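**Q** Here is what each chain is made of, one letter per residue.
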Amino acid sequence: MTQYDGKVVISLNVNGEVFEVAVRPADILLDVLREQLGLTAAKPGCLNGDCGACTIVVDGLPAKSCLMLAVEAEGHAIETVEGLGGVAAAQRAFVDGNAFQCGYCTSGFLMVCHSLKAQYPTVPEEYIIEEWLQSNICRCTSYNEIRKAVYMMYE
Amino acid sequence: MIPFNFTYCRPSTEKEAADAFAAHESEGKTPLYYAGGSEIITMCRTRSISPGCVIDIKNIPNLNLLSVDGNHLIIGTANTLTKICQSKLFPLLKLACGRIADHTNQCRITLGGNICGSIIYRETVLPLLLSDADITLFGPNGGRSASVESIFRRRLARNQNEMITQVRIPIWALDARHAHIKKTANEKIDYPLISVAALWKGETLRVAFSGLCSYPFRSKEIESVLNDRAKSIEERAQRASELLPEQAYNDSVASSEYRLFVLKNTLEKLLEGWENDSI
Amino acid sequence: MKKGDSAKILKSCDVVAEHSYHLPPLGHMAMEVRTAHAEISSDGGVFITSSSQSPYSIRKQISEAFLIPSGQIEVFVPFVGGAFGGKAPVMLEILAFLASRSVGGKPVRLTISREQDIATPPCHIGLEADIKIGATKDGKIQAAELIYRVDCGAYTDIAPYMAKAVATDCTGPYHIENLTCDVVCVYTNHTYATSFRSFAHDSYTFCIERTLDMLSEKCEIDQLEFRLRNIIRHGSQTPSRVAYTKSGMGDLSKCLNSVKSLSGWCGLNPTNIKKDTVRAKGVACIWKTENPPTDAISGALITFNPDGSLNLHTGVVEIGSNGATMLAQMLAEKLKIDADQVHIVSEVNTRTAPEHWKTVASLSEYMAGHAVMRAADDIVNQLRNIGAMALNRPNDEIEISHGRVFSNKNPERFITLKDLAQGYKSLSGESIGEPVLGRGGFMLKGLCLLNPETGEGKTGPQWTLGAQVVEVEADLKTLTYRIINASTVIDVGNAINPESIRAQIAGGMAMGISLSSREGFFYNENGVLSHPNFRSYKVMHIGQEPNYKVAFAETPDCTSPYGVRSFSEHGVIGMPAALGNALSLAFGKQLDTLPLTPENIWRTPTEDF
Chain A
1 MTQYDGKVVI SLNVNGEVFE VAVRPADILL DVLREQLGLT AAKPGCLNGD
51 CGACTIVVDG LPAKSCLMLA VEAEGHAIET VEGLGGVAAA QRAFVDGNAF
101 QCGYCTSGFL MVCHSLKAQY PTVPEEYIIE EWLQSNICRC TSYNEIRKAV
151 YMMYE
Chain B
156 MIPFNFTYCR PSTEKEAADA FAAHESEGKT PLYYAGGSEI ITMCRTRSIS
206 PGCVIDIKNI PNLNLLSVDG NHLIIGTANT LTKICQSKLF PLLKLACGRI
256 ADHTNQCRIT LGGNICGSII YRETVLPLLL SDADITLFGP NGGRSASVES
306 IFRRRLARNQ NEMITQVRIP IWALDARHAH IKKTANEKID YPLISVAALW
356 KGETLRVAFS GLCSYPFRSK EIESVLNDRA KSIEERAQRA SELLPEQAYN
406 DSVASSEYRL FVLKNTLEKL LEGWENDSI
Chain C
435 MKKGDSAKIL KSCDVVAEHS YHLPPLGHMA MEVRTAHAEI SSDGGVFITS
485 SSQSPYSIRK QISEAFLIPS GQIEVFVPFV GGAFGGKAPV MLEILAFLAS
535 RSVGGKPVRL TISREQDIAT PPCHIGLEAD IKIGATKDGK IQAAELIYRV
585 DCGAYTDIAP YMAKAVATDC TGPYHIENLT CDVVCVYTNH TYATSFRSFA
635 HDSYTFCIER TLDMLSEKCE IDQLEFRLRN IIRHGSQTPS RVAYTKSGMG
685 DLSKCLNSVK SLSGWCGLNP TNIKKDTVRA KGVACIWKTE NPPTDAISGA
735 LITFNPDGSL NLHTGVVEIG SNGATMLAQM LAEKLKIDAD QVHIVSEVNT
785 RTAPEHWKTV ASLSEYMAGH AVMRAADDIV NQLRNIGAMA LNRPNDEIEI
835 SHGRVFSNKN PERFITLKDL AQGYKSLSGE SIGEPVLGRG GFMLKGLCLL
885 NPETGEGKTG PQWTLGAQVV EVEADLKTLT YRIINASTVI DVGNAINPES
935 IRAQIAGGMA MGISLSSREG FFYNENGVLS HPNFRSYKVM HIGQEPNYKV
985 AFAETPDCTS PYGVRSFSEH GVIGMPAALG NALSLAFGKQ LDTLPLTPEN
1035 IWRTPTEDF
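Quick note, the sequences are listed as chains A, B and C, same order. Note that the numbering used here numbers the first sequence so that position 89 is 89, with each residue one more than the last. Note that the numbering used here numbers the second sequence so that position 166 is 321, with each residue one more than the last. Note that the numbering used here numbers the third sequence so that position 252 is 686, with each residue one more than the last.
For the record, the hints were derived by calculation from the structure and aren't laboratory data. Keep in mind the model is a prediction, meaning the values are calculated, not measured.
Computed far set for chain A versus chain C, every beta-carbon distance over 12 Å:
no., residue
1, T2
2, D5
3, V9
4, E17
5, V21
6, Q36
7, G60
8, L61
9, H76
10, G83
11, L84
12, G86
13, T122
14, E155
The calculated DSS-like cross-link candidates involving lysine-lysine, where the alpha carbons are at most 25 Å apart (straight line), are:
no., chain 1, residue 1, chain 2, residue 2
15, B, K419, C, K709
16, B, K356, B, K424
17, B, K238, B, K343
18, B, K419, C, K911
19, B, K343, C, K911
20, B, K424, C, K708
21, A, K117, B, K238
Even glycine gets a Cβ: it sits at the ideal position worked out from N, Cα and C.
I would like the entire structure built from these sequences, with the hints used as guidance.
**A** Here's what the structure looks like:
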């Protein structure tokens, strides 16, 4: 049985690279990504799992990194916007579709879209797109632009 | 950030988990079983709880089973809501899981976490209450099994040192006629103003509710009124709304009077669907 | 505000509509919570980094409160994760400064939780209103008596200015000769209030436009037609007695007629879709002028890079409204170069960027736009002078276009901007001119305080007017509804970046629909805010939004750079009103409170129109 007390060193596989980080068992993954690895794309918006700004992808599925302990991420593949390299279909679609304004929610939406595309290589039914994207909040856009960008991602 | 420290344990068997619980409890560390973690992390952040140890049970193989075995569907409680939805094995449970929180959170929230959570809604319990399901628990004194109906009274009656490991659902329920209606105040992604789960055993309608009172419940009195098909739909819905086990819930989401209005409309919709075979 | 004799005229009106309204306070809910960072160097330099719309106010307030010369204070604002007016007040910066000072100047970062960000910093005002409007039988408004009570919470912040803004535009964009309007700012035990996208215009507009629908029903005139008969026009004055001009206010009749076709407006009554289901549309007109200090300033600095591209420095904070991009477009247009040759310095440092009052009131394009125009003129003059010397031609022959400086007598002979902008070196090695640096300053002119007796006076440099329609499908049995379409036509003066302007307006509409359909602050019997997080304070998620249709009218404002009018806030203004009108029509109820939840609709008694 694995047991961690006090500060422990764990390995995290982030964007295909393995990092050793010293964490408290109570540290949430979001804080470790931002404060220790300098990966600040995932944003704290509510720390309550409600807004989706901190969404990353874990083993191919979206996850809110504010609701996950860093120690739970051991042995799992983590992806963040930094790993998309500016060239992912979702990123291009968001730029071309004018799908952000202040940009704070964008990383989270991008990771949901990136995971959606991996799970559904061809464009899924609209209700599935809505179900996935309802995990995130955007306060600036009208959502019409984000919806359009999801379809552009599949073009 | 969680503003205090705790010990983290990741056991690989139920026995290891229960032993870890007992050991940390004897050290006065107030351990908690931990699976998806959503509720525990948010409550730790606000210091609503402050466990000295969390025991992460979601990697235990028995808790990840999801298969039909003879006359039962067995669902390990560490299965996420998403996995249960994807399996499509129990359509009513799939509908309930698909309306809890949001999709990303459904990828983390486990069945066990939703059943044992402190939030009053526990919407996954409704299909279990209707389908004569059993639940298996495991603690330092070993395992036991009980019907959901007998063990779930307002909340799951378990000892703190017991984890729930599996639920067993009789296969008749898997392809039974069913319906699930969730009403929210106005935003879809929200706690239920009321959720109604319906399952027909043969020609008999069973119903259970969440959000309507301060706990999820199935009511045989309401069921017997709703099954009285000699009476009109409006009459049955009205009579059923007078049979709640306690006053309808009253909070900032909705007043009790409004919940009753929504209940009547929802029951009428359900009964209409039954009458005209659209369910 | 007092014009004519409203009491007397109201008595003689054929029809009078009178109603009271109650609107709760709301949260800004920017995705980034408020945060500030402070440190103090050993020689007394104060460094603040903040998520703020008002870096220069931070500098001023810390300077004044702690008697520190403003030159010792440096405020830095990176990209801001949404603001909507909620990051205009100075709040955490002062606490962070105090915290840093108490630990010998060490860096202190103060970030509040989402729960605190909702409950503690200033929010959207609440509003109560008593509205009375009278008209002739054929639907001409004769007089109005309006009382607005602004819930400013426990401290004033800038709520009195919002009360003034409500007064300035209190009738909506209509021709009303007899008017009495009192706006009272009321202290309450609520969260204190500050600016919120549209500066209170969404609130009073709900009250006015709901009452106009009641009036048009009484006159049995189509709601949109009723408005067309009463819109502000030549010969009209605003409540504060500013005369209507087309350049100053734009063309509202064009907006109304355009939104009529855009929305498929079909008139007076709801349409039956099926049993217990109807569709209905609601319309609202909007307008807004600004209420800045009469001496608000802005500025622009332009420097060249060796490749001939430019750097544009302004004090405009990028909060998601794309203001700096439009400034860059203006500069590029003026210099006849591609917009990608202008590099925007998006982050604001008060030590290097010229002061811009605040990034509020949708005034960036107007104020900073003027400054950029002047800086561009400054550059053109300098380039002309150097070009004239380098080409050995008279100054007035010199033209600048597409990165080239040349004489219009001989365009084939040219010098590139790249070779000229850092001073010119001739083939023989002679140095000519000096590096080109552009500078432009701007201060608002012609504004005044309101006359305390009559309310007369001009508070803002321009108006923006428009018309909005919301279409709903309503279930008459369950009192639930879906919003199907939302249309807006705004006179933006000149749509210099149509896609960006469309997105800003649609974003405002989305916010207006969210806040009027599901948002509001409610306090329990102990005065505690009942739901300070996104779990229970619901904003709209994707999947429930209507189809947004946006179009522009373009009546240039001749006082504004390229004729532009402000537009960033305006999408929000009429949405609560249009939604309220559509739902009132659909359900046959006079809805007079927000949010328009099914429960609130259920609570409202059914009334005969």
